[in-house]
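Participant: Given only the sequences and the hints, what does the whole structure look like? Please build it.
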Amino acid sequence: MFRGLKGPYTIAQLSKESQSSEMSSYKAVPSDEEDNDGDAEQEKDLQGHPSKRTASNFALPASMVLFCISLINLFVAKRFCRPTNEICTSQTSVWSPAFEAVDYVNYDFKNDFGQTGLYMGPPTIELEERWKAMIPPHAVRIPQDKLPLLNRSTTGNYKLADGTGYAALIEVFHQLHCLNRIRQYTWLQSGNYRPEFVNDTQYADIPVIPNDFRTSAIANRLHADHCIETLRLALMCHGDVTPVLIHVEPDAPLGERADFNSHHKCRDFGKIRQWMNDNVGTE
Numbered sequence: 076m077f078r079g080l081k082g083p084y085t086i087a088q089l090s091k092e093s094q095s096s097e098m099s100s101y102k103a104v105p106s107d108e109e110d111n112d113g114d115a116e117q118e119k120d121l122q123g124h125p126s127k128r129t130a131s132n133f134a135l136p137a138s139m140v141l142f143c144i145s146l147i148n149l150f151v152a153k154r155f156c157r158p159t160n161e162i163c164t165s166q167t168s169v170w171s172p173a174f175e176a177v178d179y180v181n182y183d184f185k186n187d188f189g190q191t192g193l194y195m196g197p198p199t200i201e202l203e204e205r206w207k208a209m210i211p212p213h214a215v216r217i218p219q220d221k222l223p224l225l226n227r228s229t230t231g232n233y234k235l236a237d238g239t240g241y242a243a244l245i246e247v248f249h250q251l252h253c254l255n256r257i258r259q260y261t262w263l264q265s266g267n268y269r270p271e272f273v274n275d276t277q278y279a280d281i282p283v284i285p286n287d288f289r290t291s292a293i294a295n296r297l298h299a300d301h302c303i304e305t306l307r308l309a310l311m312c313h314g315d316v317t318p319v320l321i322h323v324e325p326d327a328p329l330g331e332r333a334d335f336n337s338h339h340k341c342r343d344f345g346k347i348r349q350w351m352n353d354n355v356g357t358e
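Using the working numbering, read the sequence shown as starting at 76 and increasing by one per residue.
Think of the hints as simulated: they come from the structure by calculation, not from any bench.
The model shown is predicted, which means the values in this text are computed figures rather than measured ones.
Nothing false has been slipped in among the hints.
Okay, derived cross-link-like pairs now, DSS-like style, lysine-lysine, Cα gap no bigger than 25 Å in a straight line:
id	residue 1	residue 2
1	LYS346	LYS185
2	LYS221	LYS346
3	LYS185	LYS207
Facilitator: Encoded structure:
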């Protein structure tokens, strides 16, 4: 005999209650006939509600069609919806107000040894004017809220008189200025500019020494060094990886020569120059 919370229990009573508890925790397993009856009821229910059967039959094909449409849309987006030049430029360059002017053109360089061009050769009055026309004399406006994109603050920067922003040059024109400066420096060393006081008619076609060079020899040398470094930095920054093929040429000293007329994809300089004409910040 055991004594419980509410009184004594016999072993027989405990066994009887345990069996009763176990029976209450289980449900009877349906027989095969009952299973068939359940399937029949479900079939009858579907027959009585044709919309359920239709929805069930339609769901899988509809899902497959939607999946195929999604794949087609993805293919079309990758094939035809390509980013604009402005988007590509903004991903590969520091912000610039001139992004809107950037367009690309493909062409072959014309740069064989001994080849002549509009910007080549000893100084002439016409040649100097062509170089001068290539480089605009003015700055452009940079809005104050764009300075952080240039990793700069307002401190110490030249503010436009009308308060609309800050003055800035565009780098390509600074680089062209430096290239022109080196060109002039080399021709100055070989005596291809005439002093201003020489007015002899036989030298009328020879340009006068540029104003920028009317300073000390040391100042001219320092400016040339600055420009050489500017171009080195620019060339290494942009890193043109266009292939330059090697031509077999038996008459050449080494039996071969580099094809410097290589094919390039370039920013349209004419459009950038026109943009500069249309966007004068300050002279």
